[in-house]
Amino acid sequence: MESIDKLNAFFEYNPVRVQDAKKAGKKVVGTYCLYSPYEIAIAAGGIPVSLCGTRNDSIPAAESELPRTLCPLIKSSYGFLLNDSCPYLAASDIIIADTTCDGKKKMFELMAQKVGMIILQLPHNQNPEVGLPYWTNQFEILADRLEEEFDTVISEEKLRDAITLMNDERVALKRLMDTTMYIPSPLKGTQLLEVVFKSGFLPDKKTGISLLHEAAEELENLGKQGVSPYSQDTPRILLTGVPVGLGCHKVITLLEECGASLVCLDTCGGYKKTALMVDPGSPPDKKALLAALAERYLSIPCSVMSPNPNRYSTLARLVKEFSADGVLDLTWQGCHTYNVEAFSIKKYVQDQLSLPYLQLETDYSEGDTEQLRVRIEAFLEIVKAGK
Amino acid sequence: MIVMGIDIGSVAAKAVVLDASGNTVLSRVMIPTGWDHRRALTDITDLATSTAGISSGDIHTRVLTGYGRVAGKDDMPVVSEIACHAKGAHFLFPEAGSVIDIGGQDSKAICLGPDGAVTDFAMNDKCAAGTGRFVSMVATLLGHNLDAFAKLAEKGNPLPINSMCAVFAESEIVGLLAKGHDPADIAAGVCHSIASRTAGLASRLGFKAQLCVFSGGLAGNPVISTSLETHLSKPVIPAPFPQFVGALGAAILASQQ
Numbered sequence: 001m002e003s004i005d006k007l008n009a010f011f012e013y014n015p016v017r018v019q020d021a022k023k024a025g026k027k028v029v030g031t032y033c034l035y036s037p038y039e040i041a042i043a044a045g046g047i048p049v050s051l052c053g054t055r056n057d058s059i060p061a062a063e064s065e066l067p068r069t070l071c072p073l074i075k076s077s078y079g080f081l082l083n084d085s086c087p088y089l090a091a092s093d094i095i096i097a098d099t100t101c102d103g104k105k106k107m108f109e110l111m112a113q114k115v116g117m118i119i120l121q122l123p124h125n126q127n128p129e130v131g132l133p134y135w136t137n138q139f140e141i142l143a144d145r146l147e148e149e150f151d152t153v154i155s156e157e158k159l160r161d162a163i164t165l166m167n168d169e170r171v172a173l174k175r176l177m178d179t180t181m182y183i184p185s186p187l188k189g190t191q192l193l194e195v196v197f198k199s200g201f202l203p204d205k206k207t208g209i210s211l212l213h214e215a216a217e218e219l220e221n222l223g224k225q226g227v228s229p230y231s232q233d234t235p236r237i238l239l240t241g242v243p244v245g246l247g248c249h250k251v252i253t254l255l256e257e258c259g260a261s262l263v264c265l266d267t268c269g270g271y272k273k274t275a276l277m278v279d280p281g282s283p284p285d286k287k288a289l290l291a292a293l294a295e296r297y298l299s300i301p302c303s304v305m306s307p308n309p310n311r312y313s314t315l316a317r318l319v320k321e322f323s324a325d326g327v328l329d330l331t332w333q334g335c336h337t338y339n340v341e342a343f344s345i346k347k348y349v350q351d352q353l354s355l356p357y358l359q360l361e362t363d364y365s366e367g368d369t370e371q372l373r374v375r376i377e378a379f380l381e382i383v384k385a386g387k
Numbered sequence: 001m002i003v004m005g006i007d008i009g010s011v012a013a014k015a016v017v018l019d020a021s022g023n024t025v026l027s028r029v030m031i032p033t034g035w036d037h038r039r040a041l042t043d044i045t046d047l048a049t050s051t052a053g054i055s056s057g058d059i060h061t062r063v064l065t066g067y068g069r070v071a072g073k074d075d076m077p078v079v080s081e082i083a084c085h086a087k088g089a090h091f092l093f094p095e096a097g098s099v100i101d102i103g104g105q106d107s108k109a110i111c112l113g114p115d116g117a118v119t120d121f122a123m124n125d126k127c128a129a130g131t132g133r134f135v136s137m138v139a140t141l142l143g144h145n146l147d148a149f150a151k152l153a154e155k156g157n158p159l160p161i162n163s164m165c166a167v168f169a170e171s172e173i174v175g176l177l178a179k180g181h182d183p184a185d186i187a188a189g190v191c192h193s194i195a196s197r198t199a200g201l202a203s204r205l206g207f208k209a210q211l212c213v214f215s216g217g218l219a220g221n222p223v224i225s226t227s228l229e230t231h232l233s234k235p236v237i238p239a240p241f242p243q244f245v246g247a248l249g250a251a252i253l254a255s256q257q
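Residue numbers (our numbering), protein chains in the order written: chain A, 1 to 387; chain B, 1 to 257.
I should point out that these hints are in silico values taken from the structure, not numbers from a laboratory. Small disclaimer: the values here were computed from a predicted structure and weren't measured. Yeah, the Cβ is synthetic: ideal placement off N, Cα and C, and Gly gets one too. Any given hint could be a false lead.
[Stated by the list, open to error] Sample of chain B residues facing chain A (criterion: CB under 7 Å; computed from the structure):
#, residue
1, Ile82
2, Pro114
3, Phe121
4, Leu142
5, Gly143
6, His144
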C-alpha cells in the first residue's frame with residue numbers, strides 16, 4: 001500500500017524532526033498518558049510527543065529500582081529513562097504526567113528526581129460535580145506552569161487553534177482506523193497498530209494529518225473494492241484493555257498468525273484517543289476552553305476510573321460499528337485495574353453483547369508465546385463456530 | 001473409516017486409533033514426549049498403527065493436538081486441545097456439561113455446549129503451578145511415583161499447603177517434613193489444594209449443575225476428584241483412560257473432517 005508506506009517513511013524521521021524543531025527554538029513536551037492534554041502544550045508553543053514505554057529491552061534496567069512484579073509498561077517507561085534510550089525523552093524540555101494509577105504515580109516520583117516534570121493529580125471519578133472541578137483546576141495549574149516554563153502567554157486564540165489542530169488529527173486518525181469497518185478489512189492488525197502507534201510521535205502534525213487522510217482514502221478505495229488480505233469468513237476481533245504499542249504487540253502478531261483479522265483497537269493509542277472532540281467555537285473564554293478540555297480528557301474510559309461506565313458503552317458501540325465477532329481483553333501483569341475490570345467486562349461481553357470473550361494476562365516478554373497461542377486458537381475456534 | 005487422533009503433550013504423547021463406523025477404539029498408546037516433537041509424532045503414529053494391527057495407509061484422516069501440534073501442522077489438520085478435550089469428554093459422557101483437565105503443564109476448565117462444542121474455557125497461569133508436573137515434583141520429594149502418591153494421600157489428613165509454585169512448594173514441604181509432619185498428610189494437603197485451585201478456575205466460568213468430566217493424568221487420583229466434587233457441588237467423574245481424552249477427541253474430529 002503506497003500511502004501506508006509513505007506514512008511510515010514520514011514517521012521514520014519523527015526523531016530528526018523533533019531535533020530540528022528544537023534547534024528552531026521550539027519546546028518539546030513529553031507525555032506518558034492519554035490524560036495529558038496535548039492542546040495546552042501546543043497552545044504554550046510546545047511540541048507534544050508520546051514517550052517510549054512499549055519495549056521489553058528497557059525492563060531489566062528498571063528492575064534495579066522498581067519491583068519485578070510491577071506492570072511492564074511502567075517498568076519499560078522508567079527503563080528508557082535509566083538507559084537514556086528514548087530520543088523523545090532526551091529531547092523533552094518538560095514532561096507532563098499524571099497520577100493515572102498507583103504504580104505510575106510512584107514511578108513518576110522517582111522519575112521527577114531525574115527530569116523536569118509536571119505531574120497532574122488525576123481524580124479517579126468522572127462525576128461532573130466531584131471529579132471534574134478538581135481536574136479543571138489541574139488544567140488551569142498546568143497552563144500557568146507552562147506559561148512560566150516557556151515564558152509565554154497561552155492566549156484564548158492559541159488555545160482555540162490548538163483544539164482545532166488536535167480535533168483535525170483525531171478526525172484523520174479515526175478516518176484511517178474506520179477503514180477496517182469494511183468486510184473484509186483492507187488492513188492487517190499489525191499494520192493498523194504500526195500506523196496508530198507511530199502517529200503518537202508526530203512533531204509535524206499538519207503534514208501528518210494530510211498523510212493520514214491520504215492513507216485513509218487509499219484504504220477506503222481498497223475496502224470498497226474488497227481488496228484485503230482476508231476473506232468474508234475471517235474472524236473479526238476487537239482488542240480492548242491496556243495500551244499496546246510496537247515492541248509489546250505479541251498478542252496482535254499471534255492473532256494474525258492464528259488467522260484472525262484485528263479490526264478495532266479499543267486502547268489508548270486507538271479509539272480511546274479519538275473518541276471525543278472539544279468544540280473550539282462555543283466556550284466563551286480561556287477558562288471555559290480549559291474546562292471543556294478537562295471534561296473531554298476526564299471522560300476517557302481507562303480502568304483507573306471508578307466507576308468506569310464509558311468503557312461498556314464504548315465497547316457496545318465499537319463492537320457494532322466494526323462487526324466484531326469476538327472481544328480480546330488484554331491485561332498487563334500487575335495492572336490491577338484492568339485485571340479486576342476484566343471480570344465485569346467478560347460478563348458484559350458474553351451476556352449483553354452475546355460475543356465470545358477472552359482475557360489474556362501477560363507481560364512484554366516472549367516466554368509465554370506458545371501458551372498464549374493455545375488460548376487464542378481455542379478462542380478463535382469458538383468465534384468461528386459462532387460466526 | 002479408520003481415523004487417528006494424536007495429542008503431543010508436554011510430558012506424554014498419546015494416540016487413539018478409532019474405527020469411526022462402529023466407534024470402536026482399535027488402539028490407545030502413550031510414550032514420553034521427550035524434547036523432539038517431530039520424533040514423538042513419528043514414533044507415536046508407528047506405535048498406534050502397529051498396535052491396532054493396521055498399516056498407515058489404512059488411516060483415512062489424522063488430527064493433531066497438544067503443545068507439540070506445530071510439529072505436524074503441514075501434514076494434517078491441527079485443533080486446539082481445548083476443543084479436543086471437549087469432544088472427547090462429550091463422546092464418553094454425552095450428558096456432561098463441563099470438563100476439568102489437569103495435564104502436565106497446564107490445567108483447564110471447559111464449558112460444553114451441544115455436541116461437545118466449547119462455549120467458554122479458562123486456563124491456569126502460564127506456569128506449572130498446580131499441574132501434573134507440580135504433583136510429580138511433590139511425589140518425587142516424598143519418594144513415590146504418582147500411583148503410590150495417590151494411595152498415600154488417601155490415608156492422610158490434609159495439611160494446608162499454601163504454595164502452588166513448584167519452587168516455593170518444595171521449600172514449604174521440606175519445612176513441613178522437617179517439623180515431623182506425616183508425608184501422608186502432606187500428600188493429602190497437596191491434592192486438596194490442587195482441587196481447590198482448579199475449582200476456583202472453574203467457578204470463573206459458572207459451571208452448570210451437570211456432570212463434570214475429569215481428565216488428564218491426575219484424574220486417576222481419587223482424593224483430587226472427590227475434593228473437586230466437594231468444591232464444585234456437582235458430580236465429578238474421572239474419565240476412563242483419562243490421559244487419552246484429548247487424543248480421543250482429536251480422533252472424533254478426524255472422523256468428522
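Check each numbered hint from earlier against the structure, then list the numbers of those it violates in ascending order.
-> 2, 4, 5 and 6
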